[in-house]
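**Q** These protein sequence lines are chains F and E, in that order. For the first sequence, this note's numbering gives the first residue as 1, with consecutive numbering after it. For the second sequence, this note's numbering gives the first residue as 1, with consecutive numbering after it.
The set of hints was computed from the structure by calculation and includes no laboratory data.
Straight-line Cα separation of at most 25 Å, BS3-like style, residue types lysine-lysine; simulated pairs:
1) E:K25 x F:K169
2) E:K183 x E:K142
3) E:K25 x F:K177
4) E:K17 x F:K169
5) E:K117 x F:K193
6) F:K180 x E:K17
7) F:K193 x E:K100
8) F:K186 x E:K100
9) E:K117 x F:K198
10) E:K100 x F:K198
11) F:K177 x E:K17
12) F:K169 x E:K276
13) F:K177 x F:K126
14) E:K3 x E:K140
15) E:K117 x F:K183
16) F:K169 x E:K289
17) F:K186 x E:K117
18) F:K180 x E:K117
DEER-style ranges, computed between Cβ atoms:
19) F:R175 x E:Q70: 25 to 31 Å
20) F:L167 x E:K276: 18 to 24 Å
21) F:L167 x E:M1: 33 to 39 Å
A virtual CB, placed ideally from N, CA and C, is assigned to each residue, including glycine.
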Amino acid sequence: MALATDIKPPPSAPKLIEDLTFLNEVVERTAGVSRLEMCIQCGTCGGSCPSAADMDHTPRMLFAMIRAGMRQAVLMSNTPWICVSCYHCVVRCPQNVHIADVMYTLKSMAIEAKLYRDSTAPDFSKTFVDMVEEYGRSYEFGLATRHYLKHFPLRLPGMSPMALGMLTKERMSIRPKRIKNIKQLKAILQRAKELDVKAQRPVA
Amino acid sequence: MTKYLYYPGCSMETSAKAYGFSLAKIAPLLGLDLEEIEDWNCCGATEYLGISLTPAYALISRNLALAAQQANGSRTVVAPCSACYLNLAKADYYMHEQPKLAQNVNEALSAGGLSYKPGSLTIRHLLDVIIYDIGLDVIKSKVTRPLTGLRVAPYLGCMVPRPDYEKRWSDPEHPIELDLLLKALGAEVIDFPLKTHCCGGHMTQIGPETAFELIRRLIASAAQYQADIMVTLCPMCQMNIDAYQGEVNHHFGTVYHMPIVFFTQLIGLAFGLDAKELGFGLELVSARKALEKIGIEAPEPAPAAPRPRKQEGLPMPKPLPNKATKLSEKGKVEK
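With the sequences and hints as input, model every part of the structure.
**A** Printed below as a string of structure tokens:
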């Protein structure tokens, strides 16, 4: 985990207006009412987190950085990608900040800004989503093979007994299953994407 | 019979087949009438939410819109999978909390001729329905083969008891519902301290070492408490602990053998149903020994455990398993 002193300040100190923009942007793009502005920096989130040890910044630290307008450092942090969505922090947060949902928002913003360093996690999400958009159902076999070949080819031999077990017990299907009205789903998702793009266009 | 709208979720037909089979067997006995939502789609699991906002919620909400359309005598949607349950509940709750989200999602849905009014359905998990609608008394009355002597670790994982928007569970971190159910079946239930801790979720795919440690903690704790078997209600938890146990053992140099099955499978056993029909034998870490302990024969010969990988490269000193691991292994042997 990085210490506060390890965090490099952005090239130029952010202006106050930019600070507000970033915090507001994260809040705006989070589903529901995120209550991110309410964070009192108590650190309950990081203390409750089962995977905090692998994070660049604890959630508390990350939220302070969001307020400080450290856009680049925040979107480069591995923290949202290490979050396992266990919601321990969410139920313990004295301010009811929707921490897990803020993490989802930061992931989508990092993908958009192309600022993540390790592509494994974003690629996994994207591959999963590609399959869902194509078939309307998740497709584990296609997902696993595409993902492992790209990111963990060396893990494949060690995993073959498991994969074989899953296949012989028919717990994984080689062929994907498609919903009947995939056309309808595709139309819905297409419209949804257009709405997101429209909403995210910076205000002139 | 109480009627519900049923959202199975993708894994019930694939990786969590045993959950699907056993639920189909016990539902009529419990008086659960589960009407599947016609042409439902994937909920997006934990992946779509991290890509883009409106499409993720539109994907989830197509299911809600279809369910609301189909609703006839029931407005309660039941989901057996944790991620599905949370996503459906979350979409309904957030669209209610933030009308702008509901507006955008409905505009997207309209491209497919659908719409959904937030709050018009009730989203519940299968265990919630079994405990609070069917009730423990009914369950007890159907038990013909109590699971006496079987030590079980009740494991719920994260997404059912948390964040619990509607406050349906007794506690977000130590809920007692699953314990009560398993006790009603006659099993010996350990007070499992990690019952709602994380199994690593999708980290087995993207950051295996993070996930392996989380899985190790769960298995080690269950083994320390000398549980014969872990019992879950989440397809992802089952998959991580079952299918990755070999890799976890390899990674830490441990020799755990901790089977994990779905609670519906144990309900079926206690109701006297056939183990094979309940999907026993589909787990990769065989539950055969645990079943033998209560005099039930496993449906098929235990498959050979996945062989540990050969050590690549030059011989290197093995990392020592930590004390906790050693103790629990010893405990297992002594038993």
